[in-house]
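Colleague: Sequence:
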Amino acid sequence: MIQKQRKKLLNLLKIVVSTAFIVFALAFPVLNAASSARLTNFVYPILAPEKSSDFGIRKHPIYKSVKHHDGVDLAAPKGAPIRSIMDGWVVHASSYARYGKLVTVRHDNDVTSHYAHCDDIKVKVGEHVKAGQIIGTVGETGSATGPHLHFEIRFDGKPYDPERLVPDLMSQAKG
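Following this note's numbering, the numbering of the sequence shown begins with 1 at its first residue and continues without gaps.
Everything labelled a hint here was simulated from the structure, so no lab data went into it.
One thing to keep in mind: the hints can contain errors.
To be verified - As a list, the in silico DSS-like pairs of lysine-lysine whose alpha-carbon atoms are at most 30 Å apart:
| id | residue 1 | residue 2 |
| --- | --- | --- |
| 1 | K78 | K124 |
| 2 | K64 | K51 |
| 3 | K158 | K64 |
| 4 | K64 | K124 |
| 5 | K64 | K130 |
| 6 | K51 | K4 |
| 7 | K130 | K78 |
| 8 | K101 | K122 |
| 9 | K101 | K51 |
Stated by the list, open to error - Computed spacing ranges between beta-carbons, pair by pair:
| id | residue 1 | residue 2 | range |
| --- | --- | --- | --- |
| 10 | Y96 | Q5 | 49 to 55 Å |
| 11 | D54 | I2 | 21 to 27 Å |
| 12 | S143 | K51 | 26 to 32 Å |
| 13 | R98 | E50 | 17 to 23 Å |
| 14 | V43 | A97 | 40 to 46 Å |
| 15 | D156 | A48 | 53 to 59 Å |
Here the structure is a predicted model, which is why all the values come from computation and not from measurement.
The beta carbon of each residue, even a glycine, is placed where N, CA and C say it ideally should be.
Please construct the entire structure, taking both the sequences and the accompanying hints into account.
Modeller: So, in structure tokens, the structure goes:
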């Protein structure tokens with residue numbers, strides 16, 4: 001009897017662990033060769049940034065809560081130009097809660113790039129942008145502690161670490 005209950009419990013535990021792994025994998029997808037093929041004609045969003053916050057779990061500098069940070073923060077002088085990383089269509093270009101002034105560009109294959117805390121937005125919703133086109137300027141709008149670009153890349157709506165996508169993001173972005 002105890003052996004039967006133990007076996008049922010182990011099977012249940014296996015199901016729970018497997019389900020948790022699947023949920024985690026869906027929340028943070030691994031970029032495979034097919035996904036990387038989506039990213040062509042990549043341009044760095046700003047030149048000479050200083051990384052001020054990584055992608056991943058962190059303590060928010062203002063709210064002090066611990067949660068996932070869906071992008072990287074790249075400190076740069078206020079007013080520095082922000083460029084679209086690839087060709088695409090502007091789907092958002094206005095203030096959005098804690099992001100402050102935000103530009104979102106939809107690229108091919110459900111890839112979106114997000115540029116937050118802008119001082120000035122240079123594009124409009126519906127506009128087609130080219131890789132390297134200036135879409136805004138660095139600012140400190142929304143929940144920001146200083147001028148920087150909060151930069152996100154999403155695949156099918158899920159956040160992906162820009163530095164894993166482009167391992168030399170910081171060194172190459174220095175101009």
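Colleague: None of the hints should be skipped; say for each whether it holds.
Modeller: Evaluated hints:
1. K78 <-> K124: holds (21 Å)
2. K64 <-> K51: Within the cut-off at roughly 19 Å; holds.
3. K158 <-> K64: holds (24 Å)
4. K64 <-> K124: Between K64 and K124 the Cα gap is close to 34 Å, so the pair fails against 30 Å, i.e. violated.
5. K64 <-> K130: violated (38 Å)
6. K51 <-> K4: Cα-Cα ~55 Å, so violated.
7. K130 <-> K78: With Cα atoms ~23 Å apart, K130 and K78 stay inside 30 Å; holds.
8. K101 <-> K122: holds (11 Å)
9. K101 <-> K51: holds (20 Å)
10. Y96 <-> Q5: 49 to 55 Å: holds (51 Å)
11. D54 <-> I2: 21 to 27 Å: violated (48 Å)
12. S143 <-> K51: 26 to 32 Å: violated (18 Å)
13. R98 <-> E50: 17 to 23 Å: holds (21 Å)
14. V43 <-> A97: 40 to 46 Å: Because 27 Å falls outside the window, the suggested range is violated.
15. D156 <-> A48: 53 to 59 Å: Violated, since D156 and A48 (Cβ atoms, about 32 Å apart) do not stay within the stated range.
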